[in-house]
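The hints should help you fit chains B, C and D onto chain A, whose structure is shown.
Number of protein chains: 4
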Amino acid sequence: MSSVLDFQVRYSETDQMGRAHHRHYLVWFELGRTALMKECGVSYAELERSGTWLPVSRVEVEYSAPVKYDDPLRLYTQVERVRSREVVFGYRLVDEEKTTIATGRTCLVCTDVEGRTRRLPVDLREALENVAV
Amino acid sequence: MSSVLDFQVRYSETDQMGRAHHRHYLVWFELGRTALMKECGVSYAELERSGTWLPVSRVEVEYSAPVKYDDPLRLYTQVERVRSREVVFGYRLVDEEKTTIATGRTCLVCTDVEGRTRRLPVDLREALENVAV
Amino acid sequence: MSSVLDFQVRYSETDQMGRAHHRHYLVWFELGRTALMKECGVSYAELERSGTWLPVSRVEVEYSAPVKYDDPLRLYTQVERVRSREVVFGYRLVDEEKTTIATGRTCLVCTDVEGRTRRLPVDLREALENVAV
Amino acid sequence: MSSVLDFQVRYSETDQMGRAHHRHYLVWFELGRTALMKECGVSYAELERSGTWLPVSRVEVEYSAPVKYDDPLRLYTQVERVRSREVVFGYRLVDEEKTTIATGRTCLVCTDVEGRTRRLPVDLREALENVAV
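Protein chains in written order, with our numbering: chain A, 1 to 133; chain B, 1 to 133; chain C, 1 to 133; chain D, 1 to 133.
Please note: incorrect hints may appear among the correct ones.
It does not matter which identical chain is used: a pair holds within one copy or between any two.
Within a straight-line C-alpha distance of at most 30 Å, the following computed DSS-like cross-link-like pairs (lysine-lysine) qualify [unchecked claim]:
#1 Lys98 <-> Lys38
#2 Lys68 <-> Lys38
#3 Lys68 <-> Lys98
No lab work stands behind these hints: they were computed from the structure.
So here's chain A without its partners, still in its complex pose (with noise of 0.2 Å):
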């Protein structure tokens, strides 16, 4: 399963380049992921209240054409791997056209709040592997 987020550059996602700045991708690969918990029955919000925090360990990210503001962009994410303390989303982002903008994966491992790794908890580790490709 693929979630599919639309949205659009904001005007201060861009740099003096006039294309946007290569660290949003990794904010719009947050809202990818946690879009595709959401769809799953996941809140990431009610995760972290609960005490379990996925903190990102590690990013990758290829950039393959610059996008601009305003420039209207889908994002498809999916999980590709969960293990028992870690999950990793992986990311296409297309334009309208639907040209490969950038492609990405991130791993997240589990902690508590005090940052120490644990088990992923049963229901969203199932929610996640329900959903893996």
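Just chains B, C and D now, kept in the frame of chain A:
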């Protein structure tokens, strides 16, 4: 007393007009007032750890001239007013030729970690009053 | 006329107080006024491409209540005043219970791409005057 | 050669986990490589003004330990590889105890202002090759 902070515009702070986006001035003002507090012997990091928060309740910024990537800037920060539960900081940002780039003012209220307003800790209040203009 | 924009607080917009950092309200206001302009038939992206810029010359924000990650917000944006070379937008941000979260005002000046002030293009001025409060 | 940059985590860089949000590491890496370039006699600001752009085509970051507001950090930046049309920088971020906080790598391609790839200017290429590891 005026605290002086020198810094340069980061690339990531530019927008497609080729100047620093206006939201970043609020970040710079935050750097200015925490630097001023440090000069008064108050670490804002420690203040928060001890349960005292100073969220921003009001901001005003007057933008006089644009600034570009890598421009060296100097920020003057002052304590304009201290009350039992709030403090007002004033800012003046200048470039290398001492031209005023922006002026601003932020009001911060003192709260506990639940966001309930409370009196400024005595030490903090005295430190700020000592340097108020 | 008031333009209405619904959105949610992004995780990346939070700070260690667990609330949206105050600088992001300026980003949201920017979303609000460009949405209002679109409703008036004016694309700010096209406006810039045609050589007309609207940099921010002044902002004021009054923060009334904190907002948290994922909170659904509604932003009302109005044209408060149109002059030959500037336009003032007013903003009111509310939460789901219609509680006011923040109010603000931004003044934008019309410039060419060199930053020299110029008159608002006639079409833009008329479009904004038509919806001014 | 390794360029060394010391800085502290800004309050605005924290998120509700109480640590620096992962996107900001890309901003710090950008500070690191432009500082390294300056040490080589190359101003990235001037490079862009002369029509040479170095957009990021790929990033990888490995996050090893969280960092908090005001933490003093040291960033080591190296040129890992120079090719005719691209340059790869490597990064290692450490805290005061020299504990590795993060490592990363960014690939930048050389383009003109239209975004077409082109050869690195000879001066830039030689300057970077001189310090490559």
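For each hint, the structure was consulted:
1. Lys98 <-> Lys38: For Lys98 and Lys38, both the intra-copy (25 Å) and inter-copy (24 Å) Cα distances are at most 30 Å.
2. Lys68 <-> Lys38: Both ways: Lys68 and Lys38 sit 28 Å apart in one copy and 17 Å across, limit 30 Å.
3. Lys68 <-> Lys98: Answer is within: at 15 Å inside a copy they meet the 30 Å cutoff, but 34 Å across does not.
Hint check: no violations occur; every hint is consistent with the structure.
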